[in-house]
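Using the hints, position chain D against chain F.
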Amino acid sequence: MMDRFHSQILELLREDSRRTPAVIATMLGVDEQAVKKAIDDLEKERVLVKYSAVVNWSKVDENKVTALIEVQITPERGRGFDAIAERIYLYPEVKTVYLMSGGYDLLVEVEGKSLMEVAAFVSNKLSPIDSVLSTKTHFILKKYKQDGVIFEDHEGDHRLVISP
Amino acid sequence: MNERVNTIKTMSDYLNPQVRAIPPSGIRRFFDMANASKDKDIITLGVGEPDFVTPWHIRDACVYSLERGKTTYTANAGMIELREAIADYLSSRFHVGYDPENEIIVTVGGSEAIDLALRALIAPGDEVLIPAPTYLPYEPITLLSGGVAVPVETRAEHSFKLQAEDLKAKLTPRSKVLILCYPSNPTGGIMSYEDWLPIARVVEEHDLIVISDEIYAELTYEGRHVSFASLPNMRDRTILVSGFAKAFAMTGWRMGYLCGHHELVSAMLKIHQYTVMCAPIMGQVAALEALRNGLEEMEKMVESYNRRRRLVVEGFRQIGLPCHEPQGAFYAFPDIRGTGLSSEEFAQRLLREAKVAVVPGHVFGLGGEGFIRCSYATSVNLLQQAIERIGKFISKL
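Taken in order, these protein sequences are the chains called F and D.
Note that the numbering used here has the first sequence beginning at 1, numbered continuously upward.
Note that the numbering used here has the second sequence beginning at 165, numbered continuously upward.
So that you can see chain F by itself, here it is in the shape it has in the complex (with noise of 0.2 Å):
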């Protein structure tokens, strides 16, 4: 079903998930019904799996940690990574997992409000899976850019007001 009908309409509304269809059709020069037709037959695909902000939280007042955690598995006869993969995103803190290639195997984001409630959850939860060979705790201090967004008030617009 995805062509390229569909990936105009993916390309702007990940840069602002906020469109209309009215909008996006007129961007698109096409008909507003087809448009609320294709972004339903995203959302029922799940290609479109939700609508969120992306927020700078070093500017909210939270306590707030956030860590990248390197794991190392062995993969489950028959399911592979999968089955470890679910039991490592299931918990809430889990806010991200990846199976990578190179010199680990998942990459788990994990979301705390202090560096001590981090580590609990890596000492307590994560290392005790069966499967967890080694696991490698990475805290971000500072984002630059995320989601193609970046954070630092940054390369304004620069232009004259009025220009030939």
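Think of the hints as simulated: they come from the structure by calculation, not from any bench.
Misleading hints may appear alongside valid ones.
To be verified - Pulled a few chain D residues facing chain F out of the computed Cβ check, cut under 8 Å: (1) Arg184; (2) Ala185; (3) Ile186; (4) Phe194; (5) Phe195; (6) Thr208; (7) Gly210; (8) Val211; (9) Asp215; (10) Tyr299; (11) Leu455; (12) Arg471; (13) Leu475; (14) Glu517; (15) Ala521; (16) Val523.
Said to hold, decoys possible - Once the Cα atoms are required to be at most 20 Å apart in a straight line, the calculated SDA-like pairs of lysine to any residue come out as: (17) D:Lys519 with F:Arg159; (18) F:Lys142 with F:Asp61; (19) D:Lys519 with F:Tyr104; (20) D:Lys464 with F:Glu15; (21) F:Lys95 with F:Lys143; (22) F:Lys145 with D:Trp220; (23) F:Lys145 with D:His322; (24) D:Lys464 with F:Asp61; (25) F:Lys95 with F:His138; (26) F:Lys143 with F:Ala83; (27) D:Lys464 with F:Leu12; (28) F:Lys125 with F:Lys145; (29) D:Lys332 with D:His322.
Glycine is no exception: its CB is placed at the ideal position from the N, C-alpha and C atoms.
Only chain D this time, still in chain F's reference frame:
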């Protein structure tokens, strides 16, 4: 007491009368007013340049060449690799062939190319036909060269396409040069192959020479751009002017070029070598990178303008401002005659009362009064807000 030149003359009496005669740029006057307010809340649709920063690989190529010490002069006409790349690009995209050895000059922006062409062609009293409303510099540069600027009005009901009858009506025995700027700044109008043919016939019958400023060529949204030089028998009668600014988001680099018959080009090269010597090597390196590896990203930028173009045209339609559908460049040119205001009044009040900066159409010459130029090279959110503000402003008039 300071020693002063003891004279009853004012300083302006020392000026060349041709320079004195050039009126201050209308756009500059309005710009000073817009900038003076320093109001952060102003949304500007007045900008004549892309809202993209030059793609990183192009900037990086320039940085890398600086690190390796590429800081010399180049050949007067520009680096031969760049001229070859320009020739390949023009032939593959617009089907016009030029010899990189002696038919192309790399210039300091399209602006220098226009200056060279007019200076090389015009003798005192020669008439230069300029379809209007149009980009501002053509007329003053014509005047500086001693020429006579003859505007030819284009109209909204023709989507601002040049009509052969209108052109013919302005021909005299002194008519020599026709300046074309399509896709058009400020109207967004374009000319198709069929639109061009009758114009080419007039050019041939009346033995005119054409300066075709095709700086917005890549920003053509309906069909492909048709270069005037690609029309039958027009190549040798045409000086093709273009550059990297609009297509590759490289305005500040000042990189342009011109192409034409080798005898014309060698004359222009004389002026170029005595005035600027050569275009800056840093810009040439960047331009070469743009042509070699930048086409894909350029096409993405064009698609992005196209989406915003549709949004703006639909936006003006919804707030009841008539607007011919612009098919090129990144300008919409809506008709504000229904408001009863002059374009200057409209733009000034819009800036003061609704905090949206646009350029009043009259600054673009004949046929511009009653219109405003709105650049849609700005973010979708700002465009939507600007149109909402313009809508509210109009409804209160």
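Outcome of the hint check:
For Arg184 (chain D), the interface hint is violated, the least distance from its beta-carbon to any beta-carbon of chain F being 21 Å, above 8 Å. Because the closest C-beta pair between Ala185 (chain D) and chain F is about 20 Å apart, greater than 8 Å, the hint is violated. For the restraint placing Ile186 (chain D) at the interface with chain F, the shortest Cβ-Cβ distance is roughly 14 Å, beyond the 8 Å limit, so the hint is violated. Restraint check, Phe194 (chain D) versus chain F: the minimum CB separation of about 6 Å is within 8 Å; hint holds.
Taking 8 Å as the C-beta cut-off, the interface hint given for Phe195 (chain D) holds, the closest approach to chain F being about 4 Å. With its C-beta approaching chain F no nearer than about 5 Å, Thr208 (chain D) sits inside the 8 Å limit, and its interface hint holds. Annotation: Gly210 (chain D) was flagged as interfacial toward chain F, and the flag holds, the nearest CB pair being 4 Å apart, inside 8 Å. With a cut of 8 Å, the hint placing Val211 (chain D) at the interface with chain F holds, because the nearest CB-to-CB distance is about 5 Å.
Checking Asp215 (chain D) against chain F by beta carbon gives a least distance of about 7 Å; that is within 8 Å, so the hint holds. Look at Tyr299 (chain D): its Cβ gets to within about 7 Å of chain F, closer than 8 Å, so that hint holds up. Interface hint status for Leu455 (chain D): violated, as the beta-carbon distance to the closest one in chain F is roughly 24 Å, over 8 Å. Interface restraint check for Arg471 (chain D): the shortest CB-CB distance to chain F comes to about 4 Å, inside 8 Å, so the restraint holds.
For Leu475 (chain D), the shortest C-beta to C-beta distance to chain F is roughly 5 Å, which falls under 8 Å, so the interface hint holds. A distance limit of 8 Å between C-beta atoms decides the matter here; for Glu517 (chain D) the minimum to chain F is near 17 Å, and the interface restraint is violated. At its closest, the beta carbon of Ala521 (chain D) sits 5 Å from a beta carbon of chain F; the interface hint therefore holds under the 8 Å criterion. Checking Val523 (chain D) against chain F: minimum C-beta separation of about 6 Å stays under 8 Å; hint holds.
About 17 Å separates the Cα atoms of Lys519 (chain D) and Arg159 (chain F), which keeps this hinted pair within 20 Å; it holds. With a C-alpha separation of about 15 Å, the suggested pair Lys142 (chain F) and Asp61 (chain F) falls inside the 20 Å cut-off, and the hint holds. The straight-line distance between the Cα atoms of Lys519 (chain D) and Tyr104 (chain F) is roughly 55 Å, outside the 20 Å bound, and the hint therefore fails. For the hint pairing Lys464 (chain D) with Glu15 (chain F), the CA-to-CA distance comes to about 14 Å; that is within 20 Å, so the pair holds.
Taking the CA atoms of Lys95 (chain F) and Lys143 (chain F), the gap is near 16 Å; set against the 20 Å cutoff, the hint holds. Only pairs whose Cα atoms come within 20 Å are accepted, and Lys145 (chain F) paired with Trp220 (chain D) is accepted, the gap being roughly 16 Å. For a cut-off of 20 Å, the pair hint linking Lys145 (chain F) to His322 (chain D) is broken: about 48 Å separates their Cα positions. Of the supplied pair hints, the one linking Lys464 (chain D) and Asp61 (chain F) is violated, its CA atoms being roughly 39 Å apart against a limit of 20 Å.
At roughly 15 Å between alpha-carbon atoms, Lys95 (chain F) and His138 (chain F) fall within 20 Å of each other, so this suggested pair holds. Of the supplied pair hints, the one linking Lys143 (chain F) and Ala83 (chain F) is violated, its CA atoms being roughly 31 Å apart against a limit of 20 Å. Proximity of Lys464 (chain D) to Leu12 (chain F) is assessed by CA-CA distance (about 13 Å); at most 20 Å being required, the pair is judged to hold. Distance check on the hinted pair: Lys125 (chain F) and Lys145 (chain F) sit about 30 Å apart at the alpha-carbon level, beyond 20 Å; violated.
Restraint check for Lys332 (chain D) and His322 (chain D): the C-alpha separation of about 16 Å stays at or below 20 Å, so the hint holds.
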